[in-house]
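These protein sequence lines are chains A and X, in that order.
Count the first sequence with the numbering used here and you get residues 1 to 228, in order.
Count the second sequence with the numbering used here and you get residues 1 to 413, in order.
It cannot be assumed that every hint is accurate.
Below, a list of computed lysine-lysine pairs in the DSBU-like style, where the Cα atoms sit at most 30 Å apart [to be verified]:
#: 1; chain 1: A; residue 1: 35; chain 2: X; residue 2: 117
#: 2; chain 1: X; residue 1: 239; chain 2: A; residue 2: 82
#: 3; chain 1: X; residue 1: 54; chain 2: A; residue 2: 67
#: 4; chain 1: A; residue 1: 45; chain 2: X; residue 2: 117
#: 5; chain 1: A; residue 1: 82; chain 2: X; residue 2: 54
#: 6; chain 1: X; residue 1: 315; chain 2: A; residue 2: 45
#: 7; chain 1: A; residue 1: 118; chain 2: A; residue 2: 104
#: 8; chain 1: A; residue 1: 104; chain 2: A; residue 2: 82
If you are wondering where the hints come from, they were derived from the structure by calculation, not from laboratory data.
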Amino acid sequence: MKNQRSLPLVAAVVMFGSIHAMAGNVKIIANPSVKIESISVSEIKSVFLEERNSLHDGTRVEPVLSKGGPAHESFLKEYLDKNNDALQDYYRTLVFTGKGLMPKALRSDEEVAAYVAKTRGAIGYVSSTAPVDGVKTLTVYQFASDGARKLISRVEPAYPMILLSNHIGGTVRVKVTIASNGTVEDVELIGGNPILAEAAMAAVKKWVYAAGRSRTQAEISIPFDASR
Amino acid sequence: MRRRTVWLLSICFCAVRLCLQAQDFKLFDRQVQLHGFASQGFIYTNDNNWLTMKTADGSAAFTDFGANVSMQVTEGLRIGAQVYDRNLGNLGEWHPSLDWAFADYRFKPWFGIRGGKVKTVIGLYNDTQDYEFLITSALLPQSVYPLDMRDANIAHEGGDLYGDVPLGRRAGNVSYTVYGGERRDSYYGGYPYALRETVAPINLTSNGGPQYGADLRWQTPLRGLLVGISRMNQHDDGKGTFVPFWNPAAGTIPYREYTRHYWLNQYYGQYGKGRLRLDSEYRRTYIYVVDFNGTSTGQADVRGWYVSGSYRVAKRLHLGSYYSHYAMTTHYGGILGMAFPPRVDTSLPENHIYDKVVSARIDLNRFWNVKLEGHFMNGYGDGPYPDGFYPGDNPAGFKPNTNALVVRTGLNF
């Protein structure tokens, strides 16, 4: 009976979820050897453009790309500011001037997830609804101002059981306002499944950042991985 | 004969397949990559011979290829090398050269260092000018990237300091390269060839010297817009032999020339949005040389610019066009000054080349393309520094206009 009552809700969520996937959101995945739980948009960009080969905590990483598909297109648009032609030319320029290596590019979300799972330091992206095993999904954030704030205490959002049991995942994007003392003052929803958003916002309100000189804002993407 | 051709094609196909598969492997648990490229061109011109080829008859003496190997040795250290060879009419002549070979250590995203033989970063394409697969056109605008003068600025033996500095979300990103070292002309390059082809031939057996400069480029907050500036200084010292034209009875004697000033400024911008790419660059090169064993001087002020646009009209088809503008003034002193008056009127065809170009590029697959291109040139700019048209290749004199058809195909893996 309980399940029957939840069917319309699940249907709505499934519909919303598919629209969300069409919008092209991706999740950033990493091999479990990567110690961090969250990563900034600018750090993702510099890793995939080979401007750096280690993360801010010193972990060495290897970028892994998709050869094409909606996740790849979304990733290029959201994180790299380049279309696929420009990105391929960029990598060829690196390779033929000796300034970089061609990153691994795989055919599907499944291949990317499998490679990331088995390769130490690998970091890649798959569509937000793709099932992933043996990898960790990273939270992505972007500070609106230049003053990046270190996350000191993080509370994981509770996965709504109704969605988890129906294998519904996705990514919630929120904008947080962080007070100078490090507490989260305000959380504003940018996009995502409303049920997941409620859980994400409740958790983010409990996060604590390092104290700063002034109030700062950040955009955060919180993945909910139904395959976990 | 037919059977032999089929065999040959099969072997080529297998070799390419092997190369494509063998480009990434591990050695001592370190990632190693092999990459390569090759291109073959054909040029037909209606009148003047161009780029040291017999293009008025149609010439396919336009081949180049290269191969490189790179290895990530440690987290920050990468090493690699590339061999390059070309035959462009009377240039290159199949003499391979070490194109680049260096060790690169990146300490931080904002600071790295590389040392060895390094491609020189000037403008949008100086370090990538050999790689036709990166652009829509078959030839880069010759006013800024002359094929025959490739050796003048292509690489230096020395080092670079480089890095990328994010300026925040609202200010974009800045990349810098500061370099210094020594560069050398190949005997088979355009400048020594030009000196051999003059009315008073000089056999320049060595030419080169220190080269240093910097490049700063700003990826602006406006998505897709890049602007930059480059500066390069170099000092050349050239040696060889010649017969003094003012005293032929002296026979062949040693020759020396050296630059008193040699600098280059380049300003550039690039905008890309979706399938559209727009480029524009301006380059000014100033050279003051003391030549003929100190008896003469020559000054050349070369100004080139272009505006180009390309659009990918279909998955495998790109169309493009550019206008390339080249103008040069020259002044001579000493003995040369008595023989040659200054050339300052850039409206004369001997002092300029205005080139209107239309291009089409077809990508047969990810690794192989074919290009068709039409050039409509006014002027031949036959000054003391090479610019595509050489008196020795056009013994009957120059016509003011040249139309050229360029067909080029390239492979890369």
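Going down the list of hints, with the structure as the test:
Simply put, residue 35/A and residue 117/X have alpha-carbon atoms about 38 Å apart, too far for the 30 Å limit, and the pair is violated. Restraint check: the Cα-Cα separation between residue 239/X and residue 82/A comes to about 48 Å, which exceeds 30 Å; the hinted pair is violated. Taken as a hint, the residue 54/X and residue 67/A pair is broken in the structure, with Cα atoms around 43 Å apart against an allowance of 30 Å. Simply put, residue 45/A and residue 117/X have alpha-carbon atoms about 29 Å apart, close enough for the 30 Å limit, and the pair holds.
For the hint linking residue 82/A to residue 54/X, the alpha-carbon distance of about 42 Å lies beyond 30 Å, and the restraint is violated. Between residue 315/X and residue 45/A the alpha-carbon distance is near 26 Å, which keeps this suggested pair within the 30 Å criterion. About 14 Å separates the Cα atoms of residue 118/A and residue 104/A, which keeps this hinted pair within 30 Å; it holds. Simply put, residue 104/A and residue 82/A have alpha-carbon atoms about 18 Å apart, close enough for the 30 Å limit, and the pair holds.
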